[in-house]
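Residue numbers (the numbering used here), protein chains in the order written: chain A, 1 to 118; chain B, 119 to 226.
It should be emphasised that the hints constitute simulated quantities derived from the structure, not laboratory data. Keep in mind that the hints are not guaranteed to be accurate.
[As the list claims (entries may be wrong)] Subject to a maximum C-alpha distance of 27 Å in a straight line, what follows is the list of computed DSSO-like cross-link-like pairs (lysine-lysine):
(1) B/Lys-186 to B/Lys-171
(2) A/Lys-41 to A/Lys-55
(3) A/Lys-20 to A/Lys-55
(4) B/Lys-173 to A/Lys-64
(5) A/Lys-66 to A/Lys-55
(6) A/Lys-41 to A/Lys-14
(7) A/Lys-20 to B/Lys-172
(8) B/Lys-209 to A/Lys-55
(9) B/Lys-173 to B/Lys-186
(10) A/Lys-64 to A/Lys-20
(11) B/Lys-186 to B/Lys-209
(12) A/Lys-14 to B/Lys-171
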Amino acid sequence: GAVVSQHPSWVICKSGTSVKIECRSLDFQATTMFWYRQFPKQSLMLMATSNEGSKATYEQGVEKDKFLINHASLTLSTLTVTSAHPEDSSFYICSALDRGGGPTDTQYFGPGTRLTVL
Amino acid sequence: KNEVEQSPQNLTAQEGEFITINCSYSVGISALHWLQQHPGGGIVSLFMLSSGKKKHGRLIATINIQEKHSSLHITASHPRDSAVYICAVSKTGNQFYFGTGTSLTVIP
């Protein structure tokens, strides 16, 4: 099946720094990617929808100036957590939509990035 | 109220047992998904359903559109099946709405 990678898989940073997380679709072109956040023992929460070549659509309550999303190519979307604080510590997961041309599109998930802000 | 409800939240089973996880949703959907999340965090898509039943190995997923309900069954459960199983629904635009997950532990 299709593969989605994330880099880094984990990162520890100091409060106030910015962290960039990359999400790549390795063997298909993804015009749409999604960014999720997951707190311990909770389900995934959609943060934003990233569309190639256009601005991301953010869910209510998600600060677009804090969580910068760039989808500059059909295989890469990046999430930058700006001026990170300890409350931003979480597990961030991306997914990519494979519009394979069949009757239904398939969404593939990345392995996630664990961010710890000290 | 969450758009997607799962039960049970936690489940412990003996190896070999037949396992059922239930999912109910309250909105119109284009598809229902069953996902598996391993302890390391990675998510694997198990099934995508819009009607009927699908089977893959020891896993079976069913959906009843009229009742807005789906079940995931695991036959002959094994310790490697231990994971969190997440039900998610997709509406138009392919955005997912997730249940809170069912944490399954299969004891040898």
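Each hint tested on the structure:
1. B/Lys-186 to B/Lys-171: holds, 14 Å
2. A/Lys-41 to A/Lys-55: Measuring from Cα to Cα gives roughly 31 Å; hence the hint is violated.
3. A/Lys-20 to A/Lys-55: holds, 17 Å
4. B/Lys-173 to A/Lys-64: violated, 41 Å
5. A/Lys-66 to A/Lys-55: holds, 15 Å
6. A/Lys-41 to A/Lys-14: Cα-Cα ~24 Å, so holds.
7. A/Lys-20 to B/Lys-172: Outside the cut-off at roughly 38 Å; violated.
8. B/Lys-209 to A/Lys-55: Within the cut-off at roughly 21 Å; holds.
9. B/Lys-173 to B/Lys-186: holds, 19 Å
10. A/Lys-64 to A/Lys-20: Within the cut-off at roughly 14 Å; holds.
11. B/Lys-186 to B/Lys-209: Between B/Lys-186 and B/Lys-209 the Cα gap is close to 13 Å, so the pair holds against 27 Å.
12. A/Lys-14 to B/Lys-171: violated, 49 Å
Of the hints listed earlier, those the structure fails to meet are numbers 2, 4, 7 and 12, in rising order.
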